[in-house]
Amino acid sequence: MIQADLDYVTNLAAAGKGITTIEGIGQLKNLTTLDLSNNNISSLPDELGSLTKLTGLNLSSNNINTVPDAFYLLTELTNLNMAGNSLTGLSDKIGYLVKLKTLNLNGNALTGLGTLQDLNLSNNAGIINLPLAMGNLTGMTHLNVTGTGVTQLPLSMKGKVGITVDPSGLPYGYTVTYDSKGGTAVASASADLDTTLTKPSDPTRTGYNFYQRTRDNEGTTAWDFLGDRVQDIMTLYGQWLALPAKITFV
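All letters in the sequence shown, in the order written, are residues 103 to 352 by the numbering used here.
Careful, some of the hints might be misleading.
Label pairs and their calculated CB-CB ranges [stated by the list, open to error]:
#: 1; residue 1: Val200; residue 2: Lys260; range: 25 to 31 Å
#: 2; residue 1: Lys195; residue 2: Asp304; range: 22 to 28 Å
#: 3; residue 1: Thr306; residue 2: Lys119; range: 51 to 57 Å
#: 4; residue 1: Gly126; residue 2: Thr279; range: 50 to 56 Å
#: 5; residue 1: Asn225; residue 2: Thr154; range: 19 to 25 Å
#: 6; residue 1: Gln129; residue 2: Asp281; range: 57 to 63 Å
#: 7; residue 1: Lys119; residue 2: Thr279; range: 44 to 50 Å
#: 8; residue 1: Lys203; residue 2: Ser270; range: 49 to 55 Å
#: 9; residue 1: Lys203; residue 2: Phe327; range: 25 to 31 Å
In short, the hints are calculated from the structure, not lab data. Ideal Cβ positions, reconstructed from N, Cα and C, are used throughout, including at glycine.
Generate coordinates for the entire structure from the input sequences, incorporating the hints supplied.
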C-alpha cells in the first residue's frame with residue numbers, strides 16, 4: 103500500500119488481533135481514532151507521537167509498562183484509555199495533553215510515582231473526572247484542578263497526607279444517601295464515578311418486610327447493586343411490603 107492510500111485512513115479498529123508491535127504506525131498520519139485494545143503490545147514506538155490528529159486512543163488490556171516522551175505530543179487527544187496495562191510511572195508531561203476529557207488508567211501498577219510531585223491541570227474545562235488510581239501518586243504534593251470540570255476527587259486520595267489540592271474543599275467521591283422511609287437508619291456511603299455500590303444491611307421496620315431500594319421515592323426504578331453504577335450524588339429509597347394483620351381470637 104502506497105503512502106497516498108494510507109493518508110485516507112482516519113479510523114483504525116484492531117482490537118483483539120494478537121498484535122505485538124506497532125512499528126510503522128507513524129505512516130498513518132491522518133488517524134483520528136485508534137483502537138488497539140486487547141492485544142499483546144509491550145512497548146510504544148516514538149513514531150506514535152507523529153499521529154498529531156489523534157483524538158481517541160484505546161490501548162487498554164495490553165502489556166505496556168512505559169510511555170515514551172513522544173507520546174505527549176498527541177495534544178489533540180480527548181479520550182485516552184490505558185487501563186489494564188503494566189504502567190508503574192506517569193510523567194508530569196501528562197499535563198501537555200490539554201484537551202483530555204477522559205483518562206482511564208485503572209488496573210495498572212501505579213506505585214513508583216515518587217518523581218511526580220506537582221500536577222497542574224488547571225484551566226482545562228474539558229477535564230471532568232480524574233482517574234481512580236490518582237491516589238497511587240505517592241509522591242504528589244500538589245494537585246491543581248482549578249478551572250476544570252472536576253467536582254469530586256477519587257476515593258483513593260482520601261486520607262493522603264501532605265497533598266494540597268486547588269481548589270480546596272472538593273469532596274471525595276459521590277455521596278449516596280439511604281432513605282429508609284420509616285425504617286432503621288442506614289449510614290450514607292461514598293463511591294467513585296462509574297463504580298458499583300457495596301450493598302448495605304437491610305433496615306427493619308415494625309409491621310413491614312423490606313424488599314428493595316430504588317432510585318425514585320415511588321419505587322418504580324430498582325437499584326441493582328451488582329450492575330448499576332454511580333453517576334452522581336444520589337439518594338436510594340427503601341421500599342416496604344406491609345405484613346398481613348394478625349387476627350387474635352379472644
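Consistency of the hints with the structure:
1. Val200 x Lys260: 25 to 31 Å: holds (27 Å)
2. Lys195 x Asp304: 22 to 28 Å: violated (49 Å)
3. Thr306 x Lys119: 51 to 57 Å: 54 Å Cβ-Cβ, so the 51 to 57 Å window holds.
4. Gly126 x Thr279: 50 to 56 Å: Roughly 54 Å apart at Cβ, these two residues keep to the hinted range, so it holds.
5. Asn225 x Thr154: 19 to 25 Å: With a Cβ separation near 22 Å, Asn225 and Thr154 satisfy 19 to 25 Å, so the hint holds.
6. Gln129 x Asp281: 57 to 63 Å: holds (58 Å)
7. Lys119 x Thr279: 44 to 50 Å: Because 46 Å falls inside the window, the suggested range holds.
8. Lys203 x Ser270: 49 to 55 Å: At roughly 24 Å between Cβ atoms, Ser270 and Lys203 fall outside 49 to 55 Å, so the hint is violated.
9. Lys203 x Phe327: 25 to 31 Å: Since Lys203 and Phe327 have Cβ atoms about 29 Å apart, the given range 25 to 31 Å holds.
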